[in-house]
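Protein chains: 2
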Amino acid sequence: WEKIVSKIVEVGRDTKSLGKEDPRRIIHSVKVGLAIALVSLGYYFDPIYEGFGVSAMWAVITVVVVFDFSVGGTIGRAMNRGIATLIGGFLGVGVHRLATCFDIKALIPIIIALSIFIIAAIGTFARFFPKSKARYDYGLLIFILTFCLICVSGYRDDEVLDIALTRLSTIFVGGGATVLVCVLVFPVWAGQDLHNLVADNIERIGSFLEGFGEEYFKVMEDENAKDKKALLNEHKPVLTSKNIEDALINSAKWEPRHGKFRFRHPWGQYQKIGSQTRELGYRLDALKGYLNAEMQSNPEIRANFEESCKKMSYESSHALKKLAAGIRTMTLKSSTKAHIADAKAAANELKSLLKTNPWQHHDLLEVIPVASVASLLVETVCCTIKIAEAV
Amino acid sequence: WEKIVSKIVEVGRDTKSLGKEDPRRIIHSVKVGLAIALVSLGYYFDPIYEGFGVSAMWAVITVVVVFDFSVGGTIGRAMNRGIATLIGGFLGVGVHRLATCFDIKALIPIIIALSIFIIAAIGTFARFFPKSKARYDYGLLIFILTFCLICVSGYRDDEVLDIALTRLSTIFVGGGATVLVCVLVFPVWAGQDLHNLVADNIERIGSFLEGFGEEYFKVMEDENAKDKKALLNEHKPVLTSKNIEDALINSAKWEPRHGKFRFRHPWGQYQKIGSQTRELGYRLDALKGYLNAEMQSNPEIRANFEESCKKMSYESSHALKKLAAGIRTMTLKSSTKAHIADAKAAANELKSLLKTNPWQHHDLLEVIPVASVASLLVETVCCTIKIAEAV
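Protein chains in written order, with our numbering: chain A, 1 to 391; chain E, 1 to 391.
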């Protein structure tokens, strides 16, 4: 009994934190409930019910299945479902007509079953194409479904065309209601989300770099900089963000003009920036490895590197943060360039420091680790410049 | 016209390569067609049709929607659909009974619409929980769907319990047929796929390392080692494999005992190995950055490093490949340990080389890049050891 209570409390806490993290989730849930209740109300009015009959439930099914978190996702699914039903329905009617042409009752089930087998197999295979998988997977599923349903129903009911048309119109009603509710009541735009995600990722990388410069040169002294440690995990979500990004880009492509985004916004560009950000993220993960590495440099030598390394990570971090802010407001700030120039200067400084080679009589083994960190940071600066160019 | 022909030729070529890449795709498509045709045949036999009536189409829908590429995925979806229909159906019947209790005809639609709104909103919100999203997302969708359908149908037809029961039994028939076809005809096991994916990823990393050692020390000489270049992209799919892995683990958890896998195979372990493999992959991506980096070391100094670096990458590569082979056959080979020991020895060799510091009079700037590569390789060796422990 106590177990159940603690379980309920836990679920309650999770619910609260999920809602707090993104209040749009609560709004979304209410929107879905609203749309379904709205469409099902149509079932109670006799004039509407007379028109559709039992098929009216297809409208309800459409709402449940089509409603997605973002506007783009909803429109995409609604379009997929509508067009797939249209094509599948008419193909089904065609096959039915063809089968009845032969006028031999026993032959009809065989022809229909055979065509179902062929169409379902082809449709299923088409879902494996990478291009169709990304955008039309749901449509192909509905196509197979509608085709089979129309074919099968046709055997018991000769009004196949009627069935197909009713199904199509109920889906249009359900899909239309869904899209309307989704767009009119607190819409969530996938394009906006994508935009924010890309900017967030760049900012995360920036925060990591900010924390890293401090952390690496402090690690020898005291160990209770907990909040800095947190910064060093900032880059983790970036590394695995590819799939979310791809899904958002797919949804965003369905969206009409909204806010500051034009209709044919260059969504592909986000993909490029995203993959470059991830590449930089990989470098940083390697950098992080040095924090706990076995080989550590002599503190004295470390101090030599400290200034330019700190400067590089600091300036790159600020350049990235400025870039993120620039993406958010869609204006490129000139101060970004200044930060990048400073980061470059620090990298050159480091190079000249290395040229003078002040550690001739030191054990080289002690120089290497910090030098590696430094050279990875130089790479980081290069990556930063690439991202800045892509924006 | 020519455009259409070339398009068709292109689609044909794609189809062929998709089928060649994984022939199980073709088998899967045929299986789906078979299952649907089989279930729809039931529609033509009068005794079966009498039992279910028009609801028989739910069996067809179930087959189309539930059939997944792997056995685990299919069983998971079928279970989700079955249990969700059961719960949603009986809750729907309950609400319908409650609403008719009041005996005021005008009140019924309001009570039903309200309960639909509440249940749909709660159900939609529950889909955001990370745990339920991974395993029960589809079930929650079906739960909402069934509940709404039963509630709505109840208004026009008083036999709600009958509707719910027919729906449930048709879904059992459809789901059962799907699972049977999926398991009996050339089954595809998610567990086996996961197992192979993890081993493949480790092997890819191994191939990369094998190519890298050669490539890095050759870059100065000649530039037409094209096949080595290909090896250096081997690690790319590893970096973004997280989502595929998670999906496979989810499916694998639904699978019964099969082949060399017990029922409660430690699937979580694959997740650990996978994430460590990816971490190593990130390091390698950083290493790859050095191939085209601006700063390059003096060839003479490079030659000093060559032997131990090559040995490190060679030995780690072989250790990883042996590990991958060991995972495949589920036996740990002792030769893996030998390779790891050799890699460690090479790392130590490098360290002592650095201690002697033979480049006192060289420009340190020219030592650093190759030294960084070397120290990243040392890190790589460490990661390899970690993976070996996890296996």
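Be careful, since some hints might not be right.
Which copy? The list can't say, so a pair holds if one copy fits it or any two copies do.
DSS-like cross-link-like pairs, simulated, lysine-lysine; straight-line CA separation at most 25 Å [to be verified]:
| no. | residue 1 | residue 2 |
| --- | --- | --- |
| 1 | Lys-131 | Lys-105 |
| 2 | Lys-288 | Lys-16 |
| 3 | Lys-242 | Lys-133 |
| 4 | Lys-7 | Lys-20 |
| 5 | Lys-16 | Lys-242 |
Hints are computed from structural coordinates only; laboratory data are not their basis.
Tested hints:
no.	hint	verdict
1	Lys-131 with Lys-105	neither (41 Å within a copy, 52 Å between copies)
2	Lys-288 with Lys-16	neither (33 Å within a copy, 44 Å between copies)
3	Lys-242 with Lys-133	both (16 Å within a copy, 18 Å between copies)
4	Lys-7 with Lys-20	within (20 Å within a copy, 50 Å between copies)
5	Lys-16 with Lys-242	neither (28 Å within a copy, 28 Å between copies)
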